[in-house]
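Read in the UniProt record's numbering, the sequence shown has 284 at position 284, and its numbers run on one by one without any break.
No wet-lab data here; the hints were simulated from the structure.
For every residue, glycine included, the Cβ atom is placed at its ideal position computed from N, Cα and C.
Honestly, I wouldn't trust all of these hints.
Computed cross-link-like contacts, EDC-like style, restricted to lysine to aspartate or glutamate with a CA-CA straight-line distance of at most 20 Å [stated by the list, open to error]:
#: 1; residue 1: K177; residue 2: D112
#: 2; residue 1: K198; residue 2: E86
#: 3; residue 1: K261; residue 2: E4
#: 4; residue 1: K261; residue 2: D236
#: 5; residue 1: K127; residue 2: E140
#: 6; residue 1: K127; residue 2: E157
#: 7; residue 1: K221; residue 2: D242
#: 8; residue 1: K68; residue 2: E146
#: 9; residue 1: K261; residue 2: D34
#: 10; residue 1: K127; residue 2: D77
#: 11; residue 1: K127; residue 2: D236
#: 12; residue 1: K177; residue 2: E157
#: 13; residue 1: K261; residue 2: E219
#: 14; residue 1: K198; residue 2: D273
#: 15; residue 1: K221; residue 2: D273
#: 16; residue 1: K177; residue 2: D158
#: 17; residue 1: K177; residue 2: D117
#: 18; residue 1: K127; residue 2: D112
#: 19; residue 1: K261; residue 2: E232
#: 20; residue 1: K221; residue 2: D236
#: 21; residue 1: K198; residue 2: D97
#: 22; residue 1: K127; residue 2: D179
#: 23; residue 1: K221; residue 2: D62
#: 24; residue 1: K177; residue 2: E4
Here are the in silico distance ranges between beta carbons for each label pair [said to hold, decoys possible]:
#: 25; residue 1: P123; residue 2: D273; range: 50 to 56 Å
#: 26; residue 1: L69; residue 2: A11; range: 28 to 34 Å
#: 27; residue 1: D273; residue 2: Q70; range: 32 to 38 Å
#: 28; residue 1: P74; residue 2: P118; range: 31 to 37 Å
#: 29; residue 1: L69; residue 2: D273; range: 28 to 34 Å
#: 30; residue 1: G116; residue 2: L49; range: 26 to 32 Å
#: 31; residue 1: P294; residue 2: G122; range: 28 to 34 Å
#: 32; residue 1: P311; residue 2: R30; range: 26 to 32 Å
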Amino acid sequence: MLLEVPVIDVAPFQAGDAAARRAIAAQVGRAVNDIGFLVITGHGVDPGLIAQVQAVSNAFFDLPEAEKLQVLRPAPDVTRGYIPLEAESVGRSQGLDVPGDLNESLMIGPVDVPPGDPYFLGPAAGKHFHPNLWPARPAELRPLYEAYFRAMGRLAEDLMAMFALALDLPEEFFADKIDRHISRLRVRNYPAPLLPPKPGQLRAGAHCDYGSLTILRAEDKPGGLQVLNRAEQWVDVPIAPDSYIVNIGELMARWTNGRWKATLHRVVNPPMDQAAASRRLSLVFFHNPNYDAPVAALPGTVARGEEPLFPPTTSGHHLRAQFVRTQVRAA
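Using the sequences provided together with the hints, build the complete structure.
Set out below in structure tokens:
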């Protein structure tokens with residue numbers, strides 16, 4: 001049983017033959033099964049694009065608060081726009097009454113929505129394809145975020161193919177369930193704290209992610225990401241050079257009937273004596289299946305004579321419910 005988050009080079013999955021792809025998928029599957037998290041290198045995402053997205057994001061968060069509020073998220077179930085410091089508490093998704101998290105963020109959703117297509121714009125779509133809210137400054141933010149969203153979508157397709165192979169399913173099993181995905185890119189700024197936190201307050205409270213998988217680009221700064229392993233120990237997630245942190249969410253746990261578990265994780269506060277050097281930026285891509293994708297126990301995950309652990313749901317229904325639960329105040 002893995003008790004620490006492993007680092008896996010996934011380059012052979014993209015470049016190798018069927019045997020190499022299965023070998024990488026097996027490594028990924030073991031990590032997900034044991035601890036729910038892994039760090040990947042060899043992912044193929046352009047490091048220049050990553051650096052540009054980081055720079056433009058820091059420039060946005062450095063703007064005056066009044067300017068950032070021009071793109072304030074319009075409603076709790078609309079995952080677009082700016083969320084101010086302490087306006088959300090992800091720990092509430094676990095039923096806990098904890099203070100607002102010590103981060104601010106900017107969110108976008110799908111960037112290639114076909115005009116006039118009822119699947120994306122009709123009543124059944126709800127607000128999952130709500131238009132993105134773009135700030136006036138920095139002017140280069142929109143094209144960079146759009147390019148990065150597309151790059152993350154391609155990487156997520158590879159990861160979902162790895163998951164399928166690890167579950168002894170056809171490699172393309174998830175393809176028609178994610179071809180109109182309702183993912184979101186959320187860029188989080190964790191400011192260097194000026195005051196001690198309130199009781200129970202963290203940079204991000206203990207929670208599980210909601211969707212199929214998460215792809216995180218993080219910085220190695222004081223006050224970082226921790227996961228709760230199967231020995232009930234909080235362990236730090238390593239930051240390897242040019243790497244992404246990947247974890248599964250609640251929908252993947254439901255798909256596997258609990259065989260794979262969405263792991264609790266949190267972002268801890270930096271020690272106050274290291275606060276000045278603790279500003280931290282995270283590029284977080286929450287990959288979520290098509291809103292109408294049925295999520296029920298996959299073949300082979302329910303023992304004969306037993307009932308599934310979770311009732312069937314859809315991606316869209318589950319995600320909306322969790323978005324709304326985490327709000328501290330209307331945004």
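Discussion item. Tell me the numbers of any earlier hints that the structure contravenes, in ascending order.
Written reply: Of the numbered hints given earlier, those the structure breaks are 5, 6, 11, 13, 24, 26, 28 and 31, listed in rising order.
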